[in-house]
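Work out the full structure: start from the sequences and follow the hints.
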Amino acid sequence: MTIGIGALQGDQVMLIKGDCNSNINCLFANSHHIDLKDLKGSVWLQAVEKGSVLYVPDLAKKPDPIPVEQQALAVGLRSILLSPLYFQGEIIGLLEIFTRAPNDLGTINTVLLEQITPLLSLALKRGQDELDKQVQAIIKEKCTAVHPSVEWRFEKAAIAHMERIHDGSHNSEMEPIVFKGVVPFYGQSDIRGSSLARNKGIQQDLTQQLTLALDVMVAGSKKRPWPLLNQMKYRIEALIQDIASGISSGDENAVFSLLNNEVAPFFGDLTGLGSEVLKRIEIYNAALDPSTGMIYNKRKDYENSVSKLNKTLAGYLDQEDELIQQNFPHYFEKRQTDGVDYMMYIGASMMENQTLAKFHIKDLTLWQLMISCGLALQTEQVKKQLKIPLDTCHLILINHTPLSIRFRFDEKRFDVDGAYDVRHEIIKSRIDKALIKGTGERLTQPGRIAVVYSNPEEGKGIRQHIDFLINTGKLLDDLEILDLDDMPDVRGLKALRIGVNLKSMANKDNIIKMKTG
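All residue numbers for the sequence shown refer to our numbering, where the first residue is 70 and numbers rise by one.
Note that these hints are calculated values from the structure, not bench results. Cβ atoms here follow ideal geometry from the backbone N, Cα and C, with glycine treated the same way. It is possible that some hints are incorrect.
With a Cα cut of at most 25 Å, we get these calculated DMTMM-like pairs of lysine to aspartate or glutamate [claimed, not checked]:
1. Lys377 / Asp432
2. Lys194 / Asp173
3. Lys106 / Asp198
4. Lys194 / Glu232
5. Lys291 / Glu331
6. Lys380 / Asp460
7. Lys431 / Glu527
8. Lys249 / Asp432
9. Lys225 / Glu421
10. Lys481 / Glu244
11. Lys209 / Glu232
12. Lys225 / Glu183
13. Lys481 / Asp407
14. Lys269 / Glu321
15. Lys453 / Asp259
16. Lys202 / Asp104
17. Lys427 / Glu391
Simulated restraints on C-beta separations [stated by the list, open to error]:
18. Glu321 / Gln405: 19 to 29 Å
19. Pro136 / Asp536: 49 to 59 Å
20. Arg511 / Asp536: 23 to 33 Å
21. Asp80 / Lys119: 16 to 26 Å
Structure follows, in structure tokens:
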């Protein structure tokens, strides 16, 4: 009689010898690993699916044994008893008892078996927990944070890496992690005119501070007509005029240098010129931000407004992606700059135990349009709370040609794999500045969704989604069909542009109900 344990670990089973004490070293050194797919139709998976003790009197009598069962017969296994090992209601492995003689295990007391399996389950769970800790430590070291949809693949690579180390390969590295044949989805909600708004804030802050400094010099020159005071007045007035005509890259530094290195140190010499001068100095100092030594009111208003809008949009994206992940897992990554953009990949190679259908791609494309409607409405609603009103433009890239992505361990991120697939990245980086052919007008406009594509069939599919969303009140009936100017390395792009129906109550209600599928 031989006893063993089969530990379920991701998409593999670790067949552990009976003398293993279930610590992590034993899980590797005393185990043989088999992919779950190779056990399909076997007595082992039958026991898991049944969820209770399975007795096989004679494996040789099983019709059409699969290769794994044929291998077991080849080494003489005949009679098998399999008992699932549970932890908190979930099967984590199987207890295996087998002999070389048929009909040899029928006398085993199943009551006794039920008494010992909980102890074996606890021991196995301890070993699995320790293994999981080491796997997560490797992933954290090599990859930092990993998206839940692909965590299974990183865990598999980490276990393989640990196996090689246990087998004596001390120079082992994580194997390449490549997902082939995945479909990309890209979208963005960009804050329109963010640079202009920021520059306007800088302009207002610098002008205010220079004006307050000028007030000090004017008050001082009324008391003492010192030539240096007049020179300071002249330099400050010149800077105010320069800034009024527009902000350049060096203006902030020029103002900071003049005020902090020349003007402010001069204040100490002016305090004795009377109460009016002293009052002007106090007003100047009271207006400064203690952390910067500069007036930072309008810039802070701008930064807080961008931060609040970004937080709102990012939170909404996370919330809606969490819902759609329940329908079909996919890789999702977002970034926040002046607005938010997101990248998604979906494909059979990214799914551990699921298959991908064309329906999923169409559904996710419709979801993108619905999400863009939601992002536009979120912007409109939060705008009332912003000190600096901001608008967003919404853009979707439709390019459903499958590509491959590879995890770059040095950069801790996914990137397209292969020269041909780089075209998608080039298009993605260019379309934000795309112009409508022959007009000089930017494609992206506040309150409107622009969908960029090159394949006529993809454009046809998008039109169907748009018609549906017009009918449900989420989009206005003002669709534009556009050609785009050629850009460096990018030619032949087309676009659809349409307004979001921000006043529609149907659109507002569906902010919460955008779970599709």
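Verification of the supplied hints:
Proposed proximity of Lys377 and Asp432 is contradicted: the alpha carbons are some 30 Å apart, above 25 Å. Of the supplied pair hints, the one linking Lys194 and Asp173 is violated, its CA atoms being roughly 30 Å apart against a limit of 25 Å. Simply put, Lys106 and Asp198 have alpha-carbon atoms about 24 Å apart, close enough for the 25 Å limit, and the pair holds. The suggested pairing of Lys194 with Glu232 holds, with an alpha-carbon distance near 19 Å, which does not exceed 25 Å.
Among the hinted pairs, Lys291 with Glu331 is consistent with the structure: their alpha-carbon atoms are about 20 Å apart, no more than 25 Å. The suggested pairing of Lys380 with Asp460 holds, with an alpha-carbon distance near 15 Å, which does not exceed 25 Å. The suggested pairing of Lys431 with Glu527 holds, with an alpha-carbon distance near 10 Å, which does not exceed 25 Å. A distance of roughly 21 Å separates the Cα atoms of Lys249 and Asp432; the hinted pair therefore holds under the 25 Å criterion.
With a C-alpha separation of about 11 Å, the suggested pair Lys225 and Glu421 falls inside the 25 Å cut-off, and the hint holds. Of the supplied pair hints, the one linking Lys481 and Glu244 holds, its CA atoms being roughly 14 Å apart against a limit of 25 Å. Taking the CA atoms of Lys209 and Glu232, the gap is near 18 Å; set against the 25 Å cutoff, the hint holds. Proposed proximity of Lys225 and Glu183 is contradicted: the alpha carbons are some 32 Å apart, above 25 Å.
Among the hinted pairs, Lys481 with Asp407 is consistent with the structure: their alpha-carbon atoms are about 23 Å apart, no more than 25 Å. The suggested pairing of Lys269 with Glu321 holds, with an alpha-carbon distance near 12 Å, which does not exceed 25 Å. Restraint check for Lys453 and Asp259: the C-alpha separation of about 18 Å stays at or below 25 Å, so the hint holds. In summary, the hint linking Lys202 to Asp104 is supported, as the alpha carbons are separated by about 22 Å, within the 25 Å threshold.
This hinted pair checks out: Lys427 and Glu391 have alpha carbons roughly 21 Å apart, not beyond 25 Å. Checked against the given bound of 19 to 29 Å, the beta carbons of Glu321 and Gln405, roughly 24 Å apart, stay inside it. Between Pro136 and Asp536 the CB atoms are about 52 Å apart, so this pair conforms to the stated range of 49 to 59 Å. A C-beta distance of roughly 26 Å is found between Arg511 and Asp536, which places it inside the suggested range of 23 to 33 Å.
For Asp80 and Lys119, the hinted distance range of 16 to 26 Å is satisfied, since their beta carbons lie about 20 Å from each other.
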